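There are 2 protein chains.
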Amino acid sequence: MKIDACFSPYLYPIYQGDDTVVVIIDVLRATSAICTAFEHGVEKIIPVATMEEAKAYKEKGFLVGAERNGLPVEGFDFGNSPYHYMGEHVKGKTIVLTTTNGTQAIEAAKDAYKVVIGSFLNISALCDWLINENKDVLLLCSGWKNKFNLEDAVFAGAVTDEISNRTDKFNLGDGCLALKYLYKMAKENPNKFLTHSSHKERLAALNLKADVKYCLTPDKTKIIPIYKDGALVKM
Amino acid sequence: MKIDACFSPYLYPIYQGDDTVVVIIDVLRATSAICTAFEHGVEKIIPVATMEEAKAYKEKGFLVGAERNGLPVEGFDFGNSPYHYMGEHVKGKTIVLTTTNGTQAIEAAKDAYKVVIGSFLNISALCDWLINENKDVLLLCSGWKNKFNLEDAVFAGAVTDEISNRTDKFNLGDGCLALKYLYKMAKENPNKFLTHSSHKERLAALNLKADVKYCLTPDKTKIIPIYKDGALVKM
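From first to last, the protein sequence lines are chains A and B.
Just so it is clear: in the first sequence, position 39 is 39 by my numbering, and no numbers are missing.
Just so it is clear: in the second sequence, position 194 is 194 by my numbering, and no numbers are missing.
Check before you lean on any hint, since a few could be wrong.
No distinction is drawn between identical chains; accordingly, a pair holds when it is met within one copy or between any pair of copies.
[Said to hold, decoys possible] Derived DSS-like pairs (lysine-lysine); straight-line CA-CA distance at most 27 Å:
(1) Lys192 to Lys169
(2) Lys2 to Lys209
(3) Lys222 to Lys169
(4) Lys44 to Lys187
(5) Lys58 to Lys187
(6) Lys2 to Lys192
(7) Lys110 to Lys187
(8) Lys114 to Lys145
(9) Lys145 to Lys58
(10) Lys222 to Lys145
(11) Lys192 to Lys110
(12) Lys169 to Lys145
(13) Lys145 to Lys110
(14) Lys58 to Lys44
Hint data in this document are derived by calculation from the structure and do not stem from the laboratory.
Computed from a prediction, not measured in an experiment: that's the story for all the values here.
All chains should be built: construct the whole structure from the sequences, respecting the hints.
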């Protein structure tokens, strides 16, 4: 079996393979928000790529989260901060979500064998499951507007490191080889390591340091969200 | 000014910018062979993306180098080993070249403000020139069939490291930030570092270890090949 990393949803057609588990990664903040929502009892998340789809759902009365360029979009119920998805108001609910990057990655990979959501918040559960699943793995980094970003790469490196330390049944693609080295440099203090990343600077400018800190916290949940019939649900 | 890295010719449309110098990188082996050819007196190299174009030039009587999947293509004059481009037989000649990855990257970026060829063989001359040029820089890694590869990433990291150690006038994109860290791990012994890279394994299987060693040697030439009017020439 092999594990590789793809650094942009735009590159997904180059990396896609049959019978491959795709892990969607957008740690700052979409996939962290999604993991948080399920931990707080959300029943279903319908990811949509465009604002038009999000508006159509809003008009039908759905709860809708919408973020573009790091900011919540006016007229919707939530942005993509994990803090928006905590509490009684989300419990048992179906939520529609569109974000700058993460939901685009889900859209790109939606026809894969299995599509799951990864973040530091569920990293151990995710790695356990990937090891037991016995399939090729593709770590699909959402990046920023189809460009490589550092935080998704660091998380993909953390997954590679964890999995390859525990089993040698995965052959590491060049992307994962590079990320494993990258993670060695980052793991002591991921928050500090990411200081100069473009998106962390973007979020700091938006006064979202608490979000960043939360999103980099490992193992807040054992839930692995999985894409089924057009929506994310608890596995 | 900014410097960033693009890990696949397929991603070039996402990264392209006005007034940007694009450095084409395919260290194992196309861009190393090109640097070697100019050092040995080649006058002009016409890069072509397809075998059809290469055949058409061959029929017109041109010297043609053609490589696919690491091997020279039968019926042509050279493959893409740097050793094929040394000696009197290339001096003063115009050579047509098509390779699996490198010439595809040139094709992708051919309309950029300036397109130059980078390899360990001309790294110091290249960095000097990039610093003096005072333009945005995009390090375009050719990769392997549009996937990320480790050796081009390590070279792009070496360029980032050299430039950012000498001047702070470039803002580092996330790709370059990651590569700078990667190069820190690789620089002690790039050959050993690349041991597990997919393409190095591919070349070792083809018995091309001497090629790899040569391609990783810094500063064999001061020539920077540049793309002008459909061909590469000495700057």
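Here is how each hint holds up against the structure:
1. Lys192 to Lys169: Cα proximity of Lys192 and Lys169: across copies only (23 Å, versus 32 Å in one copy).
2. Lys2 to Lys209: Between. Shortest inter-copy distance 25 Å satisfies the 27 Å Cα cut-off; intra-copy 35 Å does not.
3. Lys222 to Lys169: within (23 Å within a copy, 45 Å between copies)
4. Lys44 to Lys187: neither (32 Å within a copy, 48 Å between copies)
5. Lys58 to Lys187: neither (40 Å within a copy, 53 Å between copies)
6. Lys2 to Lys192: Result: close only across copies, 22 Å inter versus 31 Å intra.
7. Lys110 to Lys187: neither (31 Å within a copy, 39 Å between copies)
8. Lys114 to Lys145: both (24 Å within a copy, 25 Å between copies)
9. Lys145 to Lys58: Cα proximity of Lys145 and Lys58: one copy only (24 Å, versus 42 Å across).
10. Lys222 to Lys145: neither (29 Å within a copy, 37 Å between copies)
11. Lys192 to Lys110: Answer is neither: 33 Å inside a copy and 39 Å across each miss the 27 Å cutoff.
12. Lys169 to Lys145: between (33 Å within a copy, 25 Å between copies)
13. Lys145 to Lys110: both (18 Å within a copy, 23 Å between copies)
14. Lys58 to Lys44: Result: close within a single copy only, 15 Å intra versus 61 Å inter.
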